[in-house]
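Colleague: Let the hints inform the model, and build the full structure from the sequences given.
Protein chains in written order, with our numbering: chain A, 552 to 865; chain B, 4 to 454; chain C, 52 to 359.
Any given hint could turn out to be false.
[As the list claims (entries may be wrong)] Here's a subset of chain B near chain C, in silico, CB distances under 10 Å, partners left out:
(1) H75
(2) G84
(3) G135
(4) I255
(5) G376
Read the hints as simulated data drawn from the structure, not as lab findings. Beta carbons are placed, not taken as given, at the ideal position from N, Cα and C, and that holds for glycine.
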Amino acid sequence: MSELKKSWLLHLGIVALLFVLQFVLPSYHHASMARIMVLTCYAMGYNILFGYTGLLSLGHALFFAAGMYGLSLSMQHLEWLAGPALIIGLLSGVVVSLTIGLLLLRTTGVAFMIVTLMFSQAGYLTVLYFGEFTRGDEGLVIQQELRSIAGIDLSDPTSRYFAALLLMTICIIVSLRVVQAGFGRVLVAIRENNERTRMLGYDIQRHKLSAIVLSGTMSAAAGACYCLLFGYAGATFASVQYSIFPLLWVLLGGAGTVLGPFVGTLFMFYLIDLSSGLTTAYMLIAGFSLVMLTLFAPQGLVGEIRRRGLRWLP
Amino acid sequence: MRKPTNNVSIKRNHQVDMGQVQNMTKQSSRRKAIKTLAATTALVATASSLPLFGRYSQAEASEPIKIGFQVHRTGIGAAYGRWYDRATKAAVKKINDEGGINGRKVEIIAEDDGTDPKRGAEVVEKMATQHGCDIAFGTLFSHVVIGSAPRAGELKIPYFVVSEGHHVASGMLNRYTLQPGITDVKSQVQAMAPFVSSSLGKKVTMIYPDFAFGHDHRDYFSAAIEAQGGQVVAKIAIPPTESSFTKYFPKIPRNTDVIYHVMVGPAVLTFVKEMGEFFGNSRPEIFGFIDSLEAVDLASPGLEFLEGTYFWEGNPRYAQANQSVYDKDYRTAVGVDANGASLSDSKDVSTYAHMFGCWETLHIVKAGMEASGYSGPKDRAKLIEAVEAMTLMPHSHAHPQGAKEFNGRTHQVFGHQYITKVTNSKLVLAHTTSISDTYYPDEVDYTKQPF
Amino acid sequence: MELGPYIILGLLEGLVTAAVLSLMAVGLSLVFGVMRVVNVAHGEFFMVGAVLAWWIAGSIEGNPALGFVAAMLLAPPLTAGLAVIADQLILKRIGYDPERTIVATIGLLYVIQQLTLMTFGPDARPVEAPFNNRLSIPLLEWTNDGLALYWPWGLGTTSYKIAVILAALTLLVAIWLLMTRTRYGLIMRATQLDRETALAFAIPVNRVYASVFGLGAGLAALGGVLIVPIQQAHYLMGHDPLLLSFIVVIIGGLGSLPGTIVAALLIGLSDGIISIFFSPTLAKIIATLAVAFFLVFRPQGFFGKRAL
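Modeller: See the structure below:
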């Protein structure tokens with residue numbers, strides 16, 4: 552079997568497994584899994600830029616929040632239905648990432664980190680500044696009866712789960728296509744050696760910009776869907792903390808692997824969830840686990856699997 | 004004047020009402036059918052296997068009532084969370100010592116929400132679906148409440164909050180969310196205006212945090228002071244996470260009679276101290292919400308200038324001359340001394356102005372469960388209806404902060420507010436508002452929403 | 052308040068911010084410059100310094116100045132020791148890999164915060180300043196009788212704030228001397244320039260790394276001790292200073308100590324000045340965007356030689 556086939560089989564197999572899990576998971580884990588899948592898309596978006604292109608952003612919460620507020624504000628103030636509002640959420644992601652991306656192209660390395668951090672911080676403060684519309688830190692509630700698309704009630708556990716799975720499947724397919732296409736290989740080449748790639752005649756800036764926009768839009772999609780599925784948008788999601796999360800999830804799962812973001816998000820959620828059941832000092836356990844992981848799984852969980860055998864993992 | 008957002012959501016609720024009313028009738032006839040069926044089954048079961056059935060019902064009756072407690076153990080709310088925890092444990096101990104609820108013990112299942120709305124929602128899910136809690140309860144910070152409430156509504160678990168936010172009464176939440184144990188910021192703020200304008204001055208400068216809680220102060224107080232013939236001469240919104248404040252104080256106009264301040268978060272003491280350093284010996288009148296110094300020792304260095312200034316307090320931190328026996332017993336039960344600090348560590352100052360809400364809410368839950376004959380999650384709707392039916396709550400051991408009046412339509416309680424004056428580094432009661440000072444017209448009728 | 056005095060007040064407040072920030076940022080800059088790793092837990096060392104200061108000052112009876120001096124002498128070395136242990140136990144073992152260091156130091160951040168929460172508690176706790184008099188500041192003005200002093204309303208600071216500025220200045224000079232005039236400084240600069248060549252010249256790079264990590268943490272802790280009488284010790288206090296000092300290091304130009312100090316001054320002062328002209332949150336937005344655009348057009352920072 553070719554590696555291409557193997558990787559499609561593996562990823563679609565995981566989607567199928569998640570599909571089956573829908574029917575067997577107890578309700579708490581069922582709801583948690585839906586949340587994890589949405590957040591995985593955020594991490595996958597992040598991974599396109601960080602894992603494949605090698606650009607470390609500290610400001611992805613800006614894109615997540617762009618999707619979240621694009622959706623919630625158009626529903627709350629323009630009284631739009633969920634479907635069109637979701638499109639607005641996606642478009643906000645495109646517009647914001649394109650604008651910021653054009654500026655970001657001038658920077659690399661640490662300057663790139665700080666500029667993303669600063670734009671995202673400015674975005675967070677803007678949400679607070681326009682508190683009249685956004686209700687700042689308190690945030691907005693999308694009423695349950697409004698959260699449906701084409702007659703499907705997305706606040707219902709089953710349809711929420713499937714909506715999240717659908718979104719994640721799309722993100723997996725997009726990621727796989729990107730990685731396997733020439734575009735993705737150029738991104739990896741940029742990560743490995745910027746200068747050499749340029750000398751080979753590739754338009755680095757255009758590729759970088761595309762990666763930023765793709766990454767930002769996937770993050771925005773996750774933000775918009777999170778808001779739609781769980782009924783809440785708040786400034787917390789635009790704060791620095793939520794820019795650090797996808798970095799952490801991706802590093803844990805394995806940067807530059809398609810499944811890494813999912814594994815990392817899943818791992819971190821249950822690390823906090825289970826350890827907080829054991830002790831009130833759960834952050835201690837979480838902290839120790841992170842340190843141990845860097846010592847014993849330096850490439851992240853999926854990266855470690857790839858290193859130790861499954862070299863064909865995308 | 005307040006935000007179109009709420010009006011919109013209220014309007015929408017009305018629009019769906021009609022359809023859902025029909026649904027409800029359908030449901031209730033279905034419920035009737037189920038009831039009949041259940042009764043028949045029970046009868047058959049009783050007849051066929053009496054001992055087994057008996058054992059089963061006994062087991063249910065002796066199982067504890069599980070209350071999921073959402074608590075700020077970590078994050079910026081942790082100082083509040085620790086005292087919410089202590090007040091809650093004390094209330095549960097008292098309730099259990101007095102025989103529990105409907106003969107069943109109460110068990111608290113606490114989960115840390117990290118003072119984060121995402122984790123808050125997850126924790127409510129966990130309580131409802133994994134721990135099998137009867138109700139969810141707790142938490143102060145508004146964003147955690149607002150982030151969690153939609154999930155509580157979807158999971159149909161009663162969610163009793165102790166947040167003092169206006170979010171419940173504004174109509175943005177749902178029928179499963181109630182705030183019966185603590186008054187909301189809108190009523191607190193507007194009740195202060197008469198005292199401020201008559202005793203302290205007409206020209207007010209407001210200093211508040213630049214987020215929703217601060218904006219509520221700004222909007223409701225501005226309106227209320229204008230109604231009293233006063234005027235807000237400057238509004239200074241401080242960005243969150245700010246840790247130095249002196250640079251903002253020159254924005255205070257010279258003609259200010261009164262400074263109205265409210266601040267939250269770990270930097271509150273810096274804020275108040277720097278205000279003192281800014282004014283030196285020539286300060287205007289100062290009126291603050293105790294939030295600015297909640298969990299902070301009034302004897303801290305740099306706070307001497309507060310002598311003679313006034314504070315709103317939800318519940319007076321220092322035991323007053325006319326202390327009620329209810330406050331006395333409540334203090335002892337929670338482990339707080341006459342200065343509002345922990346009995347075991349006089350430096351560990353409580354969040355006295357807020358934490359009574361946990362104690363009172365749990366007593367309301369008890370009263371509601373007893374009135375509705377609550378026996379398990381199937382009676383959740385009955386519990387909410389029983390609480391909605393509550394009105395007057397007299398000053399008592401269950402309500403040590405004072406008498407209250409619950410508005411079942413808006414799910415919000417109303418009560419007395421206390422204004423204290425700093426006298427010899429202690430807060431001494433200067434004025435108590437009446438409950439009617441805190442009223443405002445209803446903005447929602449949750450009882451019209453279906454379960 | 053009139054504009055002139057207000058600007059002076061804004062500058063004074065900005066200087067206090069800049070003073071503490073520059074100490075912390077110089078620490079981060081050393082770590083970043085020499086070891087090429089981002090220490091996400093740097094803010095926690097700042098916090099540990101403040102918390103230790105509270106603990107030391109509280110356990111010494113008598114004059115508050117005594118406790119404070121003890122805190123200044125003890126808290127930074129203790130924190131530095133903690134950092135060296137972390138370096139030897141964790142960072143050394145992951146080979147100072149930049150990405151793994153981020154995850155490891157996030158883990159360290161969780162551990163330090165939780166331990167502080169469990170021992171010190173969630174409250175913000177004050178430390179009494181050794182001296183803290185309010186100083187009104189006079190200005191000169193022309194009157195009919197010639198020059199005269201007058202005291203504008205609200206223009207003042209405290210003696211302690213002035214002392215913080217002076218202390219930071221002294222410490223920065225000391226660091227500069229350490230870097231340029233001592234053998235240790237030479238070794239450090241050599242390691243920063245080229246790790247391999249330094250190894251070839253038998254410089255014990257691992258020990259240099261450990262000591263730089265300790266020194267950086269000690270400087271952050273010193274910043275924490277200095278600020279704690281103005282602000283309070285709180286287990287989450289490290290977060291914003293971390294971000295700010297990170298920004299300062301990059302704006303100044305990686306590895307450039309003068310650049311770091313200039314950037315700290317610029318960030319501190321602009322924070323004080325911009326807030327005069329705009330509403331507070333808008334001022335923050337403007338200051339944040341200014342930093343972003345500065346780096347967009349000058350990614351190497353003030354004194355950086357090239358984009359890294």
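Colleague: Against the structure shown, which of the earlier numbered hints fail to hold, in ascending order?
Modeller: 3, 5
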